Amino acid sequence: MTEEHEHPIENLAAYVLGALEGPERIHVVSHVATCTTCASLLEQYRGVVGALPLGLDPVPPPAEAWAAIRAEAARRRPQSPEPARIKRLPTWRRVMWPAVAALAASLLVWNVVLQLELTRRPPGPEVEALARRPGRLVILMGTGAPAASGRLLVAIDGHHGHLATAGLRPLPAERTYQLWFVRPGAPTVTGGTFKVDSRGRAWATITVPVPLDEARVVAITEEPAPGSTAPTGSYLLEAKSWR
Amino acid sequence: MQRGEEAALELLYARYGGLVFTLALRIVGDPELAREVLQDTFLRCWEGSESFDPGRGRVPWWLMGIARNRAIDLLRSRPHQARLREGEQLAVGIGEPTQPDATDSFPTRHAVVSALQGLPIAQRQAIELAYYRGLTQTEIAHELDTPLGTIKSRTREAMDRLRTLLWPLIEPQQEIGRP
Numbered sequence: 000m001t002e003e004h005e006h007p008i009e010n011l012a013a014y015v016l017g018a019l020e021g022p023e024r025i026h027v028v029s030h031v032a033t034c035t036t037c038a039s040l041l042e043q044y045r046g047v048v049g050a051l052p053l054g055l056d057p058v059p060p061p062a063e064a065w066a067a068i069r070a071e072a073a074r075r076r077p078q079s080p081e082p083a084r085i086k087r088l089p090t091w092r093r094v095m096w097p098a099v100a101a102l103a104a105s106l107l108v109w110n111v112v113l114q115l116e117l118t119r120r121p122p123g124p125e126v127e128a129l130a131r132r133p134g135r136l137v138i139l140m141g142t143g144a145p146a147a148s149g150r151l152l153v154a155i156d157g158h159h160g161h162l163a164t165a166g167l168r169p170l171p172a173e174r175t176y177q178l179w180f181v182r183p184g185a186p187t188v189t190g191g192t193f194k195v196d197s198r199g200r201a202w203a204t205i206t207v208p209v210p211l212d213e214a215r216v217v218a219i220t221e222e223p224a225p226g227s228t229a230p231t232g233s234y235l236l237e238a239k240s241w242r
Numbered sequence: 000m001q002r003g004e005e006a007a008l009e010l011l012y013a014r015y016g017g018l019v020f021t022l023a024l025r026i027v028g029d030p031e032l033a034r035e036v037l038q039d040t041f042l043r044c045w046e047g048s049e050s051f052d053p054g055r056g057r058v059p060w061w062l063m064g065i066a067r068n069r070a071i072d073l074l075r076s077r078p079h080q081a082r083l084r085e086g087e088q089l090a091v092g093i094g095e096p097t098q099p100d101a102t103d104s105f106p107t108r109h110a111v112v113s114a115l116q117g118l119p120i121a122q123r124q125a126i127e128l129a130y131y132r133g134l135t136q137t138e139i140a141h142e143l144d145t146p147l148g149t150i151k152s153r154t155r156e157a158m159d160r161l162r163t164l165l166w167p168l169i170e171p172q173q174e175i176g177r178p
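Just so you know, the sequences run in chain order A and B.
Anchor point for the first sequence: position 80 equals 79 in numbering that gives the first Met the number 0, and the numbering is continuous, going up by one each time.
Anchor point for the second sequence: position 10 equals 9 in numbering that gives the first Met the number 0, and the numbering is continuous, going up by one each time.
Since the hints were derived computationally from the structure, they do not count as laboratory data.
Honestly, I wouldn't trust all of these hints.
Stated by the list, open to error - Across the chosen pairs, the derived CB separations fall in these ranges:
hint, chain 1, residue 1, chain 2, residue 2, range
1, B, P146, A, T36, 36 to 42 angstroms
2, A, V216, B, R75, 50 to 56 angstroms
3, B, R75, A, S39, 29 to 35 angstroms
Quantities reported herein were computed from a predicted structural model and do not represent experimental measurements.
Here a beta-carbon is modelled for each residue, glycine too, at the ideal position from N, C-alpha and C.
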């Protein structure tokens, strides 16, 4: 069997163009989940496909299009639960769910804004300055896993955020990665658990259970699934200071 | 609605709305349908029904993917097919002056156009039929009356050539959390 047959290289381009179907499509999906070579090529092809519309002669949308989108967005949010269900819910829960939905939407939009800014900026101090603007940025260094790194982006509310990591090895089902906030003279608390993809990367929504400035260390350990009440593994990623 | 959220959506729209509309119009060929695609794309982002995965590319690639899928769905829908069969003249182009944004710089457009024009016609045709008309490899082979293996080779060769020519635009970024 040739390498061409082992790696579905001939089909990667068609797949990323959405032109592959049936068993060949399934084969590509399952193959790239475990093959870093093909996954890397696929990512580059995605870049090509992403660039194709940039070659079109630009046509501005109708002037009233944005107003219609804004009005429809306002109409659709917050999403209401089913009326019958509302009657059975206590008052505090009826108040809570719209708030949760609004918060989730807020986090989504915040994330998109952050990504927009990070995408168009070069790496370096400027990126970190931008990343701090919506909230705070904690840079995690690979202490127990030297090849790994992470960024914890804490939203301006101080209670929620996103965690991005790279370089951690994929774990079996019975193990998980867990984020910790270590406080002096107080119990260590967790911000959540997460898995990484086949390329060792993760992007997870997390909670920040204590004010960030109360923590002395932010760390990530490997724990038995579904997570531990206190860290049992050594620190794989760690941050001791942030601004 | 909180002001910050609306401002974020507006920022996203201001930056990419023109590109989404342009792509949609190229695919569906009808300004009204393109506007529908434009609205659907941003509302899906707003509602969170399409979540952004940084591991699968940059924000504009994500948005273009949503827009393209929606446009192809419309293109394949029965009413649209009926309109095409009836030979209705679809208006393409509105004639308003272009408002430049960061994704619409002339050098970028020139680079992409040059790269596409540098492809052999048969390769460019394979790419455009797949991307803008949403045809599968089998459908392209049928439409062009060409063996499927030839279409696969053309597609791959075209994508490899574009990957080389457009590398400065698509080069993966190393900063974590960045697509």
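Okay, the hints, checked on the actual structure:
1. The beta-carbon spacing between B:P146 and A:T36, approximately 28 angstroms, falls outside the hinted interval of 36 to 42 angstroms.
2. For A:V216 and B:R75, the hinted distance range of 50 to 56 angstroms is satisfied, since their beta carbons lie about 54 angstroms from each other.
3. For the pair B:R75 and A:S39, the supplied restraint of 29 to 35 angstroms holds, since their beta-carbon distance comes to about 32 angstroms.
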